[in-house]
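A.B. asks: Using the sequences provided together with the hints, build the complete structure.
Taken in order, these protein sequences are the chains called A and B. The numbering of the first sequence is this note's numbering, which starts it at 1 and goes up by one. The numbering of the second sequence is this note's numbering, which starts it at 1 and goes up by one.
Each hint should be verified, as a subset may be incorrect.
[Unchecked claim] Result set (DSS-like, lysine-lysine): computed pairs, CA atoms no more than 30 angstroms apart in a straight line:
(1) A:K33 with B:K194
(2) B:K257 with B:K207
(3) A:K33 with B:K170
(4) A:K33 with B:K62
(5) B:K194 with B:K245
(6) A:K92 with B:K62
(7) B:K125 with B:K245
(8) A:K167 with A:K93
(9) B:K170 with B:K194
(10) A:K33 with A:K187
(11) A:K167 with B:K245
(12) B:K245 with A:K93
[Stated by the list, open to error] Not the full set, but computed from the structure, chain A residues with beta-carbon under 10 angstroms of chain B:
(13) L60
(14) L62
(15) G82
(16) L83
(17) F86
(18) K92
Source of the hints: derived by calculation from the structure; they are not laboratory data. Don't be surprised by glycine CBs; every beta carbon is placed ideally from N, CA and C.
Residue-level listing of the chains:
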Amino acid sequence: MNLLALIFVAILANNIVLSQFLGICPYLGLSRKLETSVGMGLAVVFVMTMSAIVTWIIDLFLLQPFSLEYLRTIAFILIIAGLVQFVEMVLKKTNPALFRALGIYLPLITTNCTILGVAILNVQSQHNIVETIVYSIATGVGFTLAMVLMAGIRERLELATMSSYLKGAAVTLVSAGILSLAFMGFKGMVAL
Amino acid sequence: MELVMSMAIIGGLGLFFAIVLAYAAQRFAVEEDPRVEMVIDLLPGANCGACGFSGCAAAAEKICCGEVPVDSCIPGGKAVCDSICEVLGVAAVASEGRKVAEIHCLGSRDVAPDKFEYQGVHDCKAAMMYSGGFKACSYGCLGLGTCVEVCPFDALSMGANGLPQVDTEKCTGCGVCAKACPRGVIHIVSADRKAKYVPCNSHDRGKTVRQVCEVGCIACRACVRACPNEAITMEDNLAVINRDKCDDCGKCVEVCKRGIIKDVGKVLVVA
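C.D. replies: Shown next, in the form of C-alpha cells:
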C-alpha cells in the first residue's frame, strides 16, 4: 500500500476524531486552550506510535501463533497501561523537561480509546511494521490537527456573544459537528 | 488446552509488566524535594498567576530551587513569605507590605460620554480592538468589567456608575486586573498609602480632556503649586501625587478647579 496514501487517509480522510469518532473525551475536554491541545496532541503521537509497535510485535509473536486473536482487546489494554506507566517513570528520571511537557497528559492517555483503537486497527488491517509506524504517527498528527482546530475555534467562541442556551457545551458540540462535516469532504479522495 | 494457553499468555503478560514496573519503580525512582510540598501548603492556593507562574505548585518549585525570591507570592504577602522562610531556613526578607488595586478613573457614562455606540462583545479588550474603544476619552475606563471577571479573589465589582469598585478587604494586590485592563486604569498601590489621589488616567492635554470628560485632570498645575510638601508632580499632563511625601493636608483638594482630587474610599458613592 502506498505510504503517502496511508498518511493522507490517517490525517484527513479517516481522521481518528472527526471521522472515526474515537478520542472524543480529550477532544472536548482538553481543547479549551491551544497550548494544552498541542501538548496533548504531541503526547498522543508519542504514546500511540510506541504502543502500536509493541502491540503489533506481541500480536505477531504471541497471540497469532496460538490463535488467540480474540484476546486482542484485553491484552492490548494491559500492554498499553503497563507501557505508559513504564514510559512515565523512565521519562521522569531521564528527561525531566519532556516529562514536564507530556507529564500531565500521560496518565490521561493510558485509557484513551484512540490508542487502543489504533493498535487494533493496525493488526486488523494487517499492516506490516513500517505501515504500523507510519499509520500511528499520521493518526496522532490527525488527532493533533483536530485538537488544534477545535481549540482555535473555542478560543474565539469564548469571546462571542450568543444566546445563553447555546453557551458552553452546546455550542462546542455544534462546532465539533460542523468540523466533522467539513472533514467528510476528504472522503473518497483515496481508495484504499 | 486453549483455555490454559490464553490464561498463561494474559497472565504471563500481566506478570511480565508487574515485574518490569516494580523494577522500574526502584530503578527510576526520582527523589523529590519534600520542601516543595510544604511550600505548596503554605501558599494561598488561589493559582492567581500574579507571580508569573501557571499556579502555586509551579511557584513553590521555583521558590524551593531558589530561582525566584521567597516573597514572590504577592497575595500571600508578608505572612506567607515569613512562613516560607521558616520552611526553607533562610533569613526573613523585608516585604513591601500589602498592596491593593486602585481605580484611576471617575469617568462614568454621564460625565464622560461615548464617541459611538458599541454593540460588540462585552469585553474591554474586544472593545479596544474596535477603533480604540468607544469612549471619547482614550484613557478612561470602558466599564465592560473585564477586570471584574478576571479577579481571582472576587474583590472587584461593577458599581452603579458603571465603573469597577475595589473591595479592599478582599483585594490582595495580585495585579491580575491591572494586567487585564487594556487602558491601564488600575494601579497597584500600597494598602496603607495616604488617602489623597487623582482618579484620572488621561494624558491628553487640558483642552481635549475638557471636551471628553467632566472629571478629568486638565493639567492646570494648581495643585502642584498649592502642595506644601512638593508631593504633586505633573507627569505627561496628569497630576500625580507621591504618596510618600503627601501628608493628607487637603490643600490640593481645595484648589482643584475640577474637584477631582479625592480621598480613597470616598469616591465610591458617586452614583
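A.B. asks: What are the numbers of the hints the structure violates, in ascending order?
C.D. replies: Hint check: 1, 7, 8, 11, 12, 13 fail, others pass.
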